[in-house]
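The whole structure should be built from the sequences, with the hints applied where relevant.
Line by line, the protein sequences give chains S and G. Residue numbers for the first sequence follow the working numbering, beginning at 1 and rising by one. Residue numbers for the second sequence follow the working numbering, beginning at 1 and rising by one.
No lab work stands behind these hints, which were simulated from the structure alone. Hints may contain errors.
If several chains are the same, the list does not tell them apart, and a pair holds so long as it fits within one copy or across any two.
Straight-line alpha carbon distances no greater than 25 Å define the calculated DMTMM-like cross-link-like pairs of lysine to aspartate or glutamate that follow [claimed, not checked]: (1) K717 - D798; (2) K446 - D785; (3) K426 - D382; (4) K717 - E796; (5) K599 - D547; (6) K717 - D803.
Number of protein chains: 2
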Amino acid sequence: MTAWVHGFGGGVVSSDADKATLGGKGFNLAVMAGLGIPVPPGFTLTTDVCRHTIAHAGAYPDGVRAEVDAALRVVEAATGTRFGDAQNPLLVSVRSGAPISMPGMMDTVLNLGLNDTTVAALAAATGSPRFAWDCYRRFVAMYADVVLGVVAPDDHSASPFERLLEDARSHHGVDKDSDLPESALRELVTAYKAEVKTATGHAFPEDVTDQLWGAIGAVFRSWGNPRAETYRRINGISSAMGTAVTVQAMVFGNLGEDCATGVAFTRDPALGTRALYGEFLVNAQGEDVVAGIRTPESIDTLATVMPAAHAELTAVCARLEAHFGDMQDVEFTIQRGTLWMLQTRTGKRTARAMIKVAVDLVNEGVLDRAAAIRRIDPARLDEVLHPTIDPKARPKAIGKGLPASPGATIGRVVFSADDAQAWQAKGERVLLVRTETSPEDIHGMKAADGILTARGGMTSHAAVVARGMGKCCITGCSGLRVDGARQRMTLGDLTIKQGDTLTLDGSTGEVFLGAAPLIPAKVSGELAELMTWVDEVRRLRIRTNADTPTDAITARAFGAEGIGLCRTEHMFFQPERILAVRQMILAKDEAGRRAALVKILPMQRDDFAAIFRAMDGLPVTIRLLDPPLHEFLPHTDHDMAEVAAELGESIENLRATVVELTEANPMLGHRGCRLAITFPEIYEVQAQAIAEAAALVAAEGVVVHPEIMIPFVFTPKELARLRGQVAAVVDRVLGAAGATIPYLVGTMIELPRACLVADQIAHHADFFSFGTNDLTQTTFGLSRDDVASFLPTYLETDLIPSDPFVALDQEGVGQLIKIGVERGRATKPGLKVGICGEHGGEPSSIAFCHRIGLDYVSCSPFRVPIARVAAARAALDGGTP
Amino acid sequence: MTAWVHGFGGGVVSSDADKATLGGKGFNLAVMAGLGIPVPPGFTLTTDVCRHTIAHAGAYPDGVRAEVDAALRVVEAATGTRFGDAQNPLLVSVRSGAPISMPGMMDTVLNLGLNDTTVAALAAATGSPRFAWDCYRRFVAMYADVVLGVVAPDDHSASPFERLLEDARSHHGVDKDSDLPESALRELVTAYKAEVKTATGHAFPEDVTDQLWGAIGAVFRSWGNPRAETYRRINGISSAMGTAVTVQAMVFGNLGEDCATGVAFTRDPALGTRALYGEFLVNAQGEDVVAGIRTPESIDTLATVMPAAHAELTAVCARLEAHFGDMQDVEFTIQRGTLWMLQTRTGKRTARAMIKVAVDLVNEGVLDRAAAIRRIDPARLDEVLHPTIDPKARPKAIGKGLPASPGATIGRVVFSADDAQAWQAKGERVLLVRTETSPEDIHGMKAADGILTARGGMTSHAAVVARGMGKCCITGCSGLRVDGARQRMTLGDLTIKQGDTLTLDGSTGEVFLGAAPLIPAKVSGELAELMTWVDEVRRLRIRTNADTPTDAITARAFGAEGIGLCRTEHMFFQPERILAVRQMILAKDEAGRRAALVKILPMQRDDFAAIFRAMDGLPVTIRLLDPPLHEFLPHTDHDMAEVAAELGESIENLRATVVELTEANPMLGHRGCRLAITFPEIYEVQAQAIAEAAALVAAEGVVVHPEIMIPFVFTPKELARLRGQVAAVVDRVLGAAGATIPYLVGTMIELPRACLVADQIAHHADFFSFGTNDLTQTTFGLSRDDVASFLPTYLETDLIPSDPFVALDQEGVGQLIKIGVERGRATKPGLKVGICGEHGGEPSSIAFCHRIGLDYVSCSPFRVPIARVAAARAALDGGTP
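As C-alpha cells, this is what we get:
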C-alpha cells in the first residue's frame, strides 16, 4: 500500500521515499533527521496526495486522515505535547514543498494549533503570555489570509489585519509591534476574529484539527495559484508534479534574547567563496528574515552572540555539504540556545558562484570534473560574461546598496513591473526600481536588465529571485525613496524620473547616474579552469558569427574555433560604401553594376583580409550577399532626396527603383542566391575580393581557410551554377597570384526544400551550414519581425513551449535539420555540417546539434563560452552519435 | 553492329528500328513503305548519329559515310537515276525528323544534287528546261541560306536572294516568279552563286557529295538552333533525344498542270469530323503550301481536278488511320498524275477535335475507352471550356478570316511578339495581330490569348502553332492590313490602334470590335460522353473552390462533387459588409469586436445558406477567416479619409491602426488561425453563422454537410483549442434549433511544420486539406507576389522545370505532402485528405495526388472537367496506393 504520509525526526526511521514524492523540503528534512541533525519532528503528505486532489476536485485519497492522525501521535510523543491540549499543546507549521524549489511561491501557515484554550497553555509553558498572544495574533492573521482568503480589497491597500495592527500601534503610541503590550495583542486577536467573521460569515475555527486540514488544503491549492504558475512557466517546471505538504512541530526563535532565527548558505552565493554566509535575527520568527522588513545581522555576528549555536551550525553545514556534495541553503531556529534545522536545499547562486563552487568542489576532491560540468547551467554563464564598469574610468557613485547579484548593467528606470514589461517589449533595456519586490513583480523582474530596491537584505525576495535569473541586483539602497505614483525616485539630493538612465554595479552595490563606460568580460580564474575541462569533453566545435575583425578577436578570446558566419552585407552598409552599393542597384545593366562593384571590391578585400588575419589558422565562413537589394535604399522622402543628390540621380528615378524593388514579403523575395542568379556579377566580385584577400594575407604568412557560403538555395542547380562561377573566379585570382590556398564552397541550408533535397545539394557542397533563423521562419510560416502581435499569447497560453527563435524547435525544425544532415551525408559521408543563427548559442539547441552529429555550432562572440559548456554537457549526456 | 543508316522504299525491307532512332518522319516513311504505300525511296541517318555529333564536336561516327553511300546506291537503283549523273541525275531532299514532331523548327534542303551539269540533264529528262533552272535557282538559294548561312543582314531586310529575285521580276516586268523566262532563271543562278562567293569567300559547291554532307550537317546542327530550343522548352521536349535526317528521292509537284502538292488530315483537325481535310496547290512544291504565300485550294477540289489521285489519297489515308489508330496528318505530291506520300504523322488538333476523334474512334470500334481517355490531354480541355459568344447578343462582325483554332476570346491588340509578352507580363490579355507569323513569333503567340493574321491558310504556321497551344486563332483575314511600325491595323474602313479591344471567334473566323458578350462553356456532346467514361475510371473525387453560389452552381454543372474550399474573406469585402469588418478591426476590445461581428453574422449566415442550397447533398468545406486584418483596411490617404468619415473615426486613429497592423512579411504574419488565437470571437461568430445557415436550410429539406476548416495551423494545440471553441458554438446553435446535422472540423495543412507533426494534428482533425499555395511558398521560401523579378530567369535557364505555383513541385513540396498524409493516416487510418489550391486543377499535380492516395482534389469551377479526366488518366496509369 502506498503511504500518503511519511514521518521524520523524533526517533522515526526516515522513509526511503524520494524527493519527487516528499518534495524538496520534506525529503531534505527526512535526510537531515537520518543524519542525526536536530530537526523538529514532523511528517510530510506526499505529492501523490496533491495530484490526487487535483484529479478529484480537491477530495483526499482514502486513508490520508488516519495516516495524518498516526503521524501526529508520533510527533506528540517525541515532543511530549498534545495537539490542542489545554496543558501542553503541540503547535505546528504547515508548509509547501515541491520537488523543485519555488521560493516564496506557495503558502505557509505557522503556529497552527492555537486557540483560546491552547494560547493560555502556551503562555504557561513558555512563561511568556505576551509571546503566546503574539503567536496567536500572527497565526489568526496568517490563517485568515492563507486559508480563509481574507485579503486586502485591492493590491494597493493594506490587509485588514495590517490596518488593525497599525491602529493598535497608534492607539498605544508605539512604533514597533514588539512594543505592544499583551493586552493590545489580546484585543487584536479579538478584532482579527471579528474581521474574519465579517469577511467570511463564519467564526474563526477553534478546533485544531479543522485548522490543520484547512491549512493542508490551502497549501495544496496554492500549487495552482497564478504566481506559482508564472514561476513554473518561467523556470520550465511541469505543473503535473504537484507539491508535498510538510507539517512540523514549531520551534520558536522569538521566545526571547536567547532565541534567534536565520538563513545561511554554506558558501557565498554571490562569489562562491568557501565560508558560512547568511543572516539572522535575534528574537524573531523565520518569516521576519526573508520578508526583508527588519534588516538582519550577518551570520558572523552569531559567533559572538551565541558561540555554541554558531559552532553547531557550522558543523551541521559542513556535514550537509559533505552529504549533498553541493552548496546548501539552510534555515535554522535557535530556541533558548538550542539549534534546530528547519530546512536545507541546494543553494541558489550567481553564475560566478556556480562556477567557483563547481571548480572548488573538484579541487577539494568532492566532485569529479564531469559532475562539475553537469553543475554548470550554460545559459547562466551569460551573467559572468556581462561587461563590468571600466576601473580606469569609473564615475562617482550616486548611491550604494547591497551587492545582491553581480554584473554591471545600464538601463532606463521604470517603477512598475508592468512598465518594465511594456518597455522591454518595445526594445528598451530597463532597470526596475522598487521599494521592495514581491512575487507579483516576477514578470517585471524578468523583463528588466537590473533591479534596484530601497529595502531588503541579501536574502530578500529581490535578491534571491534576481540571482536565480542572473540579473544584476542591488538591494537595501540607502537614501533611496521610490515614488511610484509620480514615477520618480530620489537618491540623496537627486531626483530621477522614469526613463532616466542609470548604471548599476551588482558586484559592488553602487549606483551611477547615466551610462558608465563598460568593458567586456574575460575568461579567467575558475572559469578558465572550467573551460579547459569542457574542451576535453566536448565533441562539437564552436565557431562564432562575426562580421568585423573586432568581433572576430573578441570571439577568439572567448575560445571560438573559427567563424561560422561572416555576413558581407553589414560591410555594405558602411557610409563610404553604401554609395557604391546604391550605384550598383540603380545601374541599368550589367556594365553599370560591374562599374559600381569595382569600387566596392578593394574595400571588401580589405575587410576580408583583416578578418583572415584575426582568425589566422582558423576557418572563416563568408556568406555571399543575402538581403534583398531594397534594404540598401533610402525610404523616406527626406532620405531619398539626400541620396539622389549624392548619386547625381533624379529623385524620380530613385523613387521608381525603390517602388520597383519593394516586395510584399521580402523575407521570401529576391534575396540570397537569387540575387546572383539574376546578377551573377555580384557574387563574382565578392569571390574576387575573398580570393584577393586570401592571397594577400597568405603572402604575409597568415594561414587562411576561406569557406565561401552561398545562401538561400532551394535546388541543387542553383548551387551547381553559382559554385562554378565562384570557383572559376577564385581559381583565376589565386592562379594569377601564384597562391595555393585550399578553400571550400558550401551552402546555407535554410529552406525546407533544401533539407528535403539535401542529398542532391550535397553533390555540389563542401559543407552545409543550417541557417536556423530562416528555417524556423519558413517551417512555421512565421515572420520574426511580425510575431509581436500574437507570439506572446502563444507563449502565455502554452500553445508553444518556448519562443522558437530562441530555443530551436526540435520537434518540427529539428526534423528537417535531421533529414538534411542524413541525406547530405548519405551522398557525401564526410560532409562538414554546422549551424549558424541565434540557436547556435542556446544550450538546448546545442545539445540537439550534438545528438544529431553536427560538426560545429556558430554563435555570437559573447556566447562562445556558453556554447563550449553546453557542448560538453551534451557530450556527457551522451546520445547518438 | 549498330546501323547508322536505314533505307526505306524501292523494294528495301523496312527496318524494325523505332521512332526514337529514326525520328517521326523516317519511322513513318518506313512504316508506309512497309504497308506498300507509294513513298519515294530514301534513307534515314539515325538520332544516334545526331547525339554522336553533339558529343564529339560535330564529328560523325566511323562508318556513316560508307553506309550513306550504300543506301544512296539502293535509291539510285530503285529510281533508275544516279546521284550527280550527267544523263539521269538523282535529286534528293534532306529533312530533319525528331522523335517528337517540331513543325517548322528545323531546316530542310530540297532539290539537292543539282549543279551546272545535272541541271541540263534534269532539263532533258523532264523536257522542261525552265523547270530545271527554276529548281536549280531554288536549290542554290535554299542551300545558301540553310547550309552556308548566307542570310539577310538583319531581321527586317529581305534576304539577298529575294532581293535579286525582285530585281529580276522588275527587270523583266513580271509580277510572279512563274512568269520569269528561263534566261532570267539562268541569270539568277549566276547572280546567286556570285552572292555566295562574296558572302562566304568560297564558290558554291558543284560536287553533289559535298552538297549532300553539307546539308546533312546543317540539318543535324539545326536541332540546336534557338527556335528549336524555345519550342522544346515550351513543349517540354528533352534536348537530349536529337533529330534524325532523312534523305529521300525528290518527286515534283511542280512539273506542270498534272502535278500538285498538298497536305491533308484524315479528319477535320478543328472539329474532329470524319472526312479528308486539307489543301493543295497545282504545279507547286510542298513548301509553297505550308509557307502560306499562295492561298491553296481545299482538298475536295482535288476530287474534281485529279479524281484518280484523290481516290488513291483517300484510300491511303484510310489505311494509315487504320494502321495507326489515330487521325493522321499527311504530305503528298502528285507527279505527272502519280501519287507519292512524303510524310505521315499523328495530326495535331484542337481540343474539340481531340475529344471528338477519341470518342468517335471508340464508337467506330478502333479504340477501347481506356485508350481513348489516354488520348485526352486534360490540360487542353481548357480550350473547349472557354466561353463562346452569346448567340442571342452576337454583335456584327467587322471582319472574317479562316477559323484556324476555335474558342472566343477578348483582348487588347498588339503587333509584335515582344509587345505581346511584355503586356501579358503586366497582366493584360492581348491579341497578337500579324500579317503572318513565323517561328520567331513563338514567345508572343504563347503570351497572347488569341492570334489574328492577314495571310495564310488553315495549315499556315499561325494556324498549326495556335491549335497546338489551344489558342483561339483566325488566319487569312480578308481586308486586314497590319502596319506594325505605326502600331495600327486597318480592317475595312476601321483603323484599330495598339491597345484597342477586339473579340475573336476562332470557331467562325469572325472578328468583332470591342468586347462581345461571352457565355460559359457547357459539357455536352462527345465531351459529356467522355466524361461518363472518365467518371467510371477515376478514384479521386473532384471538388471545387467556390466562394459564391454562382461559382458553386457553375462547378456543379461541370461535375464538382462538393466544395473543397469556400473562402470566407471574399464575403467580407462586399461593400455592405466591409464597414462592419473595419469596425471590428478598429475596436479597442473584445466587446467592440463582438458588436461589429454581430452585424456581419446575418450576412455570413445568408451567404452560407445560399451555398449550402446550391450544393444540396454535397459536402461544403468552409475555411474560417485567413488573411491578415490589414487587408481589409484602406491604405491611401484618400481612401483613409473616406473610410474614417464613414466609420466616424478620426483619420489619425485609422492611420495608427493601419501602421500598427502593417507587417514586414504579411504572408508569414498575424493571419489564419493566429487571428482566432488572439481574437477567439472571430471564429466563434463564423461558426455560429455556419451552424445557423445549416439549420436554416436543413429545415427547408436541403441535405447539408458542413466541413469547417481551420487554416494555417503549425501545432496540434492550435487546432485542439479552436476546434473546441468552434464545436461548442456549433453544438449550441444546432441544439437550440433542434437540428441533427453531422459536421466535420478539420484543418488546412499548409506549413512545413504541420506536415511534420501531422500525426499529432490528426488527433484533432476530421480531415486534412493541403493548401499547396502556401505550402509551396514556405517550402521554397518564395513569395508568390514577388517572384516576377527572378522566376523568369529560373525558368529560362532551366533551374526549375516549371513554375511551382502552376505544377506541384513533387520533389520538394510533394515530399512534405506525402509525409503529412502518411503521418495523419498513421494516427487516423480513415482520415479524409484532399488538396485545395491552384494545383488541384493541374493534371501532373492531380496524378501525384492520385498516386499518394488523396481522397479528393479541389479546383476552380472551369477546371473541374480537366480534373476529372486527369484523375481518370492517373487511375489508368496506376501507381500506389
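So, going through the hints one by one against the coordinates:
Taking the shortest alpha-carbon separations for K717 and D798, only the inter-copy value of 8 Å comes in at or below 25 Å, while the best intra-copy value is 41 Å. When the C-alpha separation of K446 and D785 is checked against a cutoff of 25 Å, the pair qualifies only within one copy, where the shortest distance is 22 Å, while the shortest distance between copies is 40 Å. Taking CA atoms no more than 25 Å apart as the test, K426 paired with D382 passes inside one copy only; the shortest distance there is 22 Å, against 53 Å between copies. In this homomeric assembly, K717 and E796 come within 25 Å of each other (Cα to Cα) only across copies, at 13 Å, whereas the closest approach inside a single copy is 43 Å.
Taking the shortest Cα distances, K599 and D547 sit within 25 Å of each other inside one copy (20 Å), while across copies they are farther apart (55 Å). Taking the closest pair of Cα atoms, K717 and D803 come within 25 Å of each other only across two copies (15 Å); inside a single copy the shortest separation is 34 Å, beyond that limit.
Hint compliance for this structure: every hint is met.
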